[in-house]
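Asker: Residue numbers (my numbering), protein chains in the order written: chain G, 1 to 483; chain F, 1001 to 1076.
Simulated from the structure, these hints should not be mistaken for lab results. Be a bit skeptical, because a hint or two may be false.
As the list claims (entries may be wrong) - Just the calculated beta-carbon pair ranges, DEER-fashion:
| id | chain 1 | residue 1 | chain 2 | residue 2 | range |
| --- | --- | --- | --- | --- | --- |
| 1 | G | 464 | F | 1015 | 26 to 32 Å |
| 2 | G | 332 | F | 1031 | 47 to 53 Å |
| 3 | F | 1031 | G | 302 | 35 to 41 Å |
Unchecked claim - Lysine-lysine pairs mimicking DSS-like chemistry, simulated, CA-CA at most 25 Å apart:
| id | chain 1 | residue 1 | chain 2 | residue 2 |
| --- | --- | --- | --- | --- |
| 4 | F | 1051 | G | 244 |
| 5 | G | 453 | F | 1011 |
| 6 | G | 117 | G | 52 |
We treat Cβ as the ideally placed atom computed from N, Cα and C, and that holds for glycine.
This is what each chain is made of:
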Amino acid sequence: MISVEQSIFEFAKQNPQKIALKSGKTAVSYGELVSRGLAAKIFFEGMPNYRKGSCVILAAGKHIEFAYAYFGAHLAGLKVAPIDPETNPIRFDFIAQILNPFVVIGFDKIQGPWVNKSLKDFSFQESGLQSEVAFPDMDSVADILFTTGTTGTPKGVPLTFKNEAAAARNINDFIRNKTDDVELLALPISHSFGLGRVRCCLSNGQTLILLGSFVNVKRIYKSFEEDGVTGFTMVPSSWKFLQKMSGNQLGNYASQLKYIEMGSAYFSESDKNELASLLPNTRVTMHYGLTEASRSAFMEFHEDANALNSVGKASPNTDIQVFDEFGNTLPLGNEGEICVKGEHVTQGYLNHPNNDVFFGNYFRTGDWGTKNSDGYIFLKSRKKELINVGGKKVSPIEVEDQLALIPGIAESACIAIPDPGEVLGEVVKACLVAKPNAERPTFEEISSTLSGKLEGYKIPAVYEWVNEIPKTSSGKVQRGLLK
Amino acid sequence: MDEQIINVIAKVLEVEPSSIELDCGIGDMPEWTSMNHLNIIANLEKEFSIKFSQSDIMDLEDISDLVSLTQKLASK
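Extracted from the complex, chain G is given alone in its bound form:
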């Protein structure tokens, strides 16, 4: 197995003119990507305080310069934390404190004990840098991704070059995307799903079009027409939005689209059936996975039509077992914790003892479910009480911690409710207990106080004043009792 970076370089040697990435009017060939990635490597190595193994925080938007900085940092032996350019300041500080980055890219307004660089600094004009490249050791850490931990504080997930190359190999094996496929990515690349698509497509020699968001439906279909898109990526809420905006127009491209990858949130059996009939000849795939164990299971809506209520079977080169709470493998059909083994799985969280993260070589997902004799995995419940807003995970505790700072609110509990607009899947609902003898803030006032402290999707869409928050005798909030 070779790293994603080495795959890109080897492909570029044979096909330097082929378009690798496109964003808006900018297109960059594999030859240019490699040469600019190398220029970025040299740029990093020439910076004061550069030390191999240091961390870089990188704004992961839809700018093509992201790719130069990302791959260049890897070639310079740096660990990259690609994060959402809109990350709230509290989360940013938390991440920066953990990583102690020597350079922060794309966050020009946030100052700290690091060097700030703009993404524009990476729009190098150099070309023809063909020096011999030493690729990073496969067991060294390439990226540190941050998940929404159940406690509300982000958890750092280190992924090695081997983890990322293995994930790309497994995903491409299942989806069967080919070098001549053109993929449209209308998802943010700051998340594991979108960033994974960048690695899958580029290590496969494909052309990838970065759109960044799903909102501009006209641009999506325009790109289908003009760029000859054959591959597409969606989270369930993107499909709902696309359907709301354009009905079943996606079906007009049924003969053009060779594959779709979906993931990141619940998608009902009837939705799966509907999409499968709209695209009868497309490989409509959906994964189940986590940042820690990217795309551990897969299904294809036509092939797996008899098990659409499952999350599919273990991905290629992956094993999934169901364990009891003591780490014993359970017989088929018995409910327990879903655990995953494979070269794509992280070795454990950053700055965390990790003794509760694995059963042997199997990563504990925290999800409960069963496996049947055909290998299909059925999810029963999410142990982690995260709220899934359009594929973005929200820790209720993070929102509650901010609500607790607002005068007039004694305590609160946040839960997931179905999105009344029927687009995002789930939205946050905050149940609030008022402080006795204090003036109650209005819901608008609460939202406006939270804005700026939390990302927009984390701000509750619905509020309700309640008399009390139900709790267990040990004081644990019983979110399940709230509606």
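With chain G's structure known, arrange chain F on it following the hints.
Answerer: Structure of chain F alone, referenced to chain G:
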């Protein structure tokens, strides 16, 4: 009327009206999420007593398209 339309958009996005540029693409501002897009459509419909059709919405690429469409529907 342009100003009024921009104000509706700015209010939903919680940004200053001056930060909205007409040649900016729909969804290009980070605040312009799918949820806010639906809210902008709903608020413009309410404010100007108009109704956007699906094909109208499908044809919007830049903010200027949204502004001129709203003007056109409101002047009918």
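Asker: Please write out, lowest number first, the hints stated earlier that are contradicted by the structure.
Answerer: none
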